[in-house]
Amino acid sequence: MTQFPYAGYAGRYLRVNLTTGKMAALSLPVEWAENFLGGNGIGAKILWDEVPPLADPLHPENKLIVATGPLCGGLMPNASRVEFIAKSPLTGIYGDANASGHFSPELKYAGYDLIVFEGRAVSPVYLSVRDDRVELRDAMHLWGKGCEDAERILRQENRDPEIKTALIGQAGENLVRFAAIAVSWRRHAARSGLGAVMGSKNLKAIAVRGTRGVRLADPEGHRAVALRLHDQIRRNEFFEGVHRFGTAGLVSLMQPMGRFPTKNFQQGSFDGFEQISGETLREEHLVRDVACCACPVGCDKVYTVASGEFAGTTTSSLEYETLNALGAGVLNRNLPALIRANVLCDDWGLDTISAGRTISFAMELVEKGMLSPRECEGLDLAWGNCRAMNELLRRITFREGNLGNWLAEGAARAAKILGRGAERYAMHVKGQEIPSQDGRAQQSMGLAHVTSTRGADHLKAFPVIDETGYPSEAVRRYGDQYLPELVAPLATRYKAMLVKDGEDYGAVVDSSGNCKSGGTFVMAEVYWDDQAEAIRTMTGLPMDAARLKIIGERIYNLQRCYNALHGITRADDVLPWRFTKIPSPSGNAKGSVCHLDVMLPEYYALRGWDDASGVPRAETLTRLGIGDAFARVRDTIASGDAARIRANLGWAAPYTEHAVDER
Amino acid sequence: MIIQVDPARCTDCRLCEIYCSLQQEGYVNPSLARVQIRRDESRRLLAPIVCPPCGEKKCLAACPEPGALVISPQTGAVVVVEPRCTGCCKCIAACEIGAIRFLRQEGRGKNGKAVALKCDQCGGDPACTRVCEPKALEYVNEATGQPVFERLGALLAEIEKDWLRRGGQPRRRTPSR
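Protein chains in written order, with my numbering: chain A, 516 to 1178; chain B, 147 to 323.
Excised from the complex, chain A in its bound form (with noise of 0.2 Å):
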């Protein structure tokens, strides 16, 4: 093995053949580091180069990519995420997800930047790794456990408290499709549906052990970047409401915007908003502030239910977007039973954000009497049943019931399966449904949603500057002459700019191991130069701002073109019909509707993508070094490969039509 010219980096991956057994520790790629830097960048690369576009998600054929990156275990604030990369088995093209918590850090102490998962093996087993001891072992005895149970029976059976794992519970078992993998301590990576990637390679965890630490270019450089931020971060205005309430404070914030997704997005405001947000949770439930390795901010919670029906239940960290798609998404108002919602979905392993929008999709479909009651296998499905809601979990999970099974396939592939016309209530963008926010109410995450490379999501690009229009921080980022459309809500005007350097930064972002809720977004401390500074220092890798944005560029135009490859276009990058043709009802955003013809127009015309067909055009590949990938991309759509994969990807379209009767 040769040396690793980076420090920060451990040097080495490991590449696990799940069919064969046969495992691998190799040097890692320099070029690798060098052109994506490290997390989802270096997944993306992987993905890109070795799973064709016409393997299926769920097939031995699909890889799993487990990364960290390179400011992962250092002293950067909030530098802990672990991002899972594949093809995803909900949406059939690019997927992932990533999450902080304590694992990331171990495996780079344990001597790896990342492991690659191939194959399938006969029967479950899980992967543990102590340092250089790497060993395959059976998981027959974990198969059929949640997460909660599997995590501390690793602990225990290997005598060892300090054990970090990335496991999944009998929800990714079962090939749900948005099944989450679990993270220690009880941080999950959920999007994309990557759990059933594990599921369906029989890997049921990552038991990770690492005593071996990270080695710092220039530890007083570091140390000095990392402080420095470390303070800013702590002076931020936002600081204390986001450290006391996490992202959960951002339900009574987005509650007046008319941003706060209700009955399916039906309406943008929830009138029981104040007995489920953050404020009432960190007052009736708070146990202690927790926090993921070395994260100042402390977001994550313990929370326990005291009493009632639902006493004894514990929650580790109750996010906004659960406390959406599980409260105001179904018109749940009970505290305690979302509470127990969140545990259930934690250890059984799905997302509660696709979770939320099914059961909400199939309580719409009942309110318009497209599912009948037999349909129901009596389960009593009208809005606000939280006991309902909590028993559907169930049967999703394990796929009991025809009910069940058939919405453990998401909301848009249950639509396609039913037909009928329920593609009108899926709401989702390329298969994956939609997260808490409203287009309407805020345009750039209208806009943010469709131009995911994951499907439906905030978090690619992470539009925070306008969301409560905080004209201070956009100053910083993009100085004055933006203001003050920049940080109008429902102003269209700039909005292109900010999603395609928010896409780009959060590339960088997530592959260089940070966090969206930290300082990098959420609190505006960490930009472009901090970043380069910090994996400067931490690797010795000649970074400043302008490489770093070509990395970010690049990573992301090479997930747009797996996607291409897919037969992905412009097509796809479309709002269901409820955020475009019918006028929010709710708050600020009263009226408005999501403008994309307007912003999507000058999306691709600032990121060099034909406008037709939503494809990178060669003279941008080439521009950002991966010039090679024009010729992939143009050769599978003109073998009519790439439309033969999109007509078979499982999901129903949105419906984008003009408005239907809400009857």
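Please keep in mind that the hints were generated in silico from the structure rather than gathered at the bench. What you are looking at is a predicted structure, and each value in this text was computed from that prediction instead of being measured. Any given hint might turn out to be false.
Across the chosen pairs, the derived CB separations fall in these ranges [as the list claims (entries may be wrong)]:
(1) Q251/B with G916/A: 34 to 44 Å
(2) R317/B with A1146/A: 53 to 63 Å
(3) Q251/B with A1146/A: 47 to 57 Å
(4) E752/A with Q220/B: 37 to 47 Å
(5) K204/B with S638/A: 23 to 33 Å
(6) E752/A with R190/B: 24 to 34 Å
(7) G172/B with E798/A: 42 to 52 Å
Each residue gets a CB set at the ideal place from its N, CA and C atoms; glycine is no exception.
Dock chain B against the given chain A, drawing on the hints supplied.
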């Protein structure tokens, strides 16, 4: 001076471990940190374990090597003098809260094989307290760390109880590497 520990404020962010290991070993390796966080499975109980130091200092009495474990006249910290430490582990076994760690490494200690690692308060400017945002660790001028020591001991017993209650095996006192 003592390291004051308020476990209720700890968030388990491990910045103390990270900065400690960098300061002490020149690279980041929390498994060598002189402060280490112990926790129960639900993370309701968090205990940043560090030598305050305590009142009784059983480690000093247990150490058979003259001058290997001494009290710093500047800070009052109990300090390992690495060139004299044989890595015999007697101090480690004597410390009831497990605040001293064992490192088997070529070139370390008197015999070039192993050494005990413990908090030396960074000579009077602790790296951990600088970055402890919730102030679970603070560097304060107090005569004795005995109350801190007792608090941590009680918390560890609770954590151990939780571990056993959930079916875990009793833990070894002396970690080996």
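Going through the numbered hints above, which ones does this structure break? Give me the numbers in ascending order. 1, 5
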